[in-house]
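> The whole structure should be built from the sequences, with the hints applied where relevant.
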Amino acid sequence: MKIDYVAVLASLGRIDRRILYLLVGLAIVIPLLAASKTHVTPSEESQGFHRAVQRLGEGDIVLLATDYYSGTAFELEPMMVTLVREVFDRGARLVAVSLDAQGAGLVESQLAELAAASGKSYGSDWVYLGFRPSSPGVIVSLASAPFAVFPTDHRGNALSALPLTTALDGRTDYRLVAVIASGPAAQDWVIYGHGRYQAPIIVGLGGGIGPTFQGFLETKTITGLVAGLRGAAEYEVLAGRPAEALRALSAQSMAHLLLVGLVIVGNAAFFAAKWLERTPL
Amino acid sequence: MLRAAARPVAMVLGILAILQFFVPHRAGRWVEARLVDWLVLLEAAALVAGVMALARRHVVRCKAGGSDRLFSSLTLGAMGITLLAGLLPGEAASTTFDTLYEWVLQPIQSTMLSLLAFYMASAVFRSFRFASAPATILLISAVTVLLARVPMGEEMVPRISVFSTWIIRGPNVAATRGVWIGIGLAACATAFRVILGIQGPTGGRRS
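Sequence order for the protein chains is A and B.
Under my numbering, the first residue of the first sequence is numbered 1, with each subsequent residue one higher.
Under my numbering, the first residue of the second sequence is numbered 1, with each subsequent residue one higher.
Among the hints, erroneous ones may be present.
Unchecked claim - Derived coverage of chain A by chain B (criterion: at least 3 residues anywhere in the stretch with Cβ under 8 Å from a Cβ of chain B; other residues may be distant):
no.: 1; region: 95-108
no.: 2; region: 132-140
no.: 3; region: 252-258
Hint data in this document are derived by calculation from the structure and do not stem from the laboratory.
Don't be surprised by glycine CBs; every beta carbon is placed ideally from N, CA and C.
Structure below.
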């Protein structure tokens, strides 16, 4: 029996979408279960991000903006965790704020865990301000009059009573502004924060919007950029703390390869079907 | 009446917001601080208005009946339970609210975003075609960046990251800068229209 390969190829175009969903599921789950090791070479952008953190000294204050929610935490939480560990290890202090209402609860418990693991105490080594609406307003206000928008922290303590924030001048006291964001708040930090804070800005973003910040990097508006799970894994390697992002990168590798494979097969099926239509029987 | 008052208020505040940039006196900083306070207050009020509008819309849909009634009821029920959890006295409020956040909202949000991977795979298979020159350029760029962003892709196609980096730092930055400049110019134009009274802050031309 002669097999019509073109017809077989064309029939692939009508494959049930549930099979595609199954393939995606397997491509993600199997590498995660297999815990396969991955090697990444850090990019210049990630090295800039890491260098900015390495310049911190004992007692320096970092303003950390964690503007993400649980849907995008998969990419952004690993970079936040590595960053906070590195900041605490260098003896620097942290003032954290969230401009995403849905992410405020997510961040506080994580910061508390990381601070406890590093032996840092609340109020003198780190403070979590919580959430306020209006990202431009909060960014401008934090630089000029932090107590105006945040008279109290997330736990209800007066900022004027906490050792870390009692004499805080938002414009001059921060040595680094670190933004870990999934949405438009990241752009607001760059637009309204650059120049207003006398500190370099480093940005961690979701993979989807990472490339849109490349221009800010080239103009030195920001000094470092980690984007997506790949960026988070690169930062983990640079910080010498291989963790969640590096483990998950193998799953992302498989998913990307599957997508490329689907593009090739989908196009082959499409052109095979067209060829069959044009060819008389 | 209120709508008519919005135009002069927007004009005055807009002029003040610009002037404070050029006044290195503490009065300028005082104006900036007050404007920012109001900005935050207004956005907080907008959030409340948004929640009320959402609730009203779903109440209307519940009353109207139909196939969406179940989903609207679920939305209203979830809003009510979350609101009650937040209003509980003392420690009970934070405990109940945290439980809802951790065990309901977080899994739902994660699931919703994860579903994108499945839909994306289906869309890529059925729609991403070498159908025209622009589509081909887009497809080649996408496949290059997809491969270069993961270690397995770099191993399979050596030096693909060089081409990917060129795409991101060259055409991507050029296009993004164009978009940013366009957004900036449009924002300035809209702001001047409001400040000069040509356009009201709530939209629409002066009749």
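> Does each hint fit the structure? Answer for all of them.
These are the hints, each one checked on the structure:
no.: 1; hint: 95-108; result: holds (count 4)
no.: 2; hint: 132-140; result: holds (count 7)
no.: 3; hint: 252-258; result: holds (count 7)
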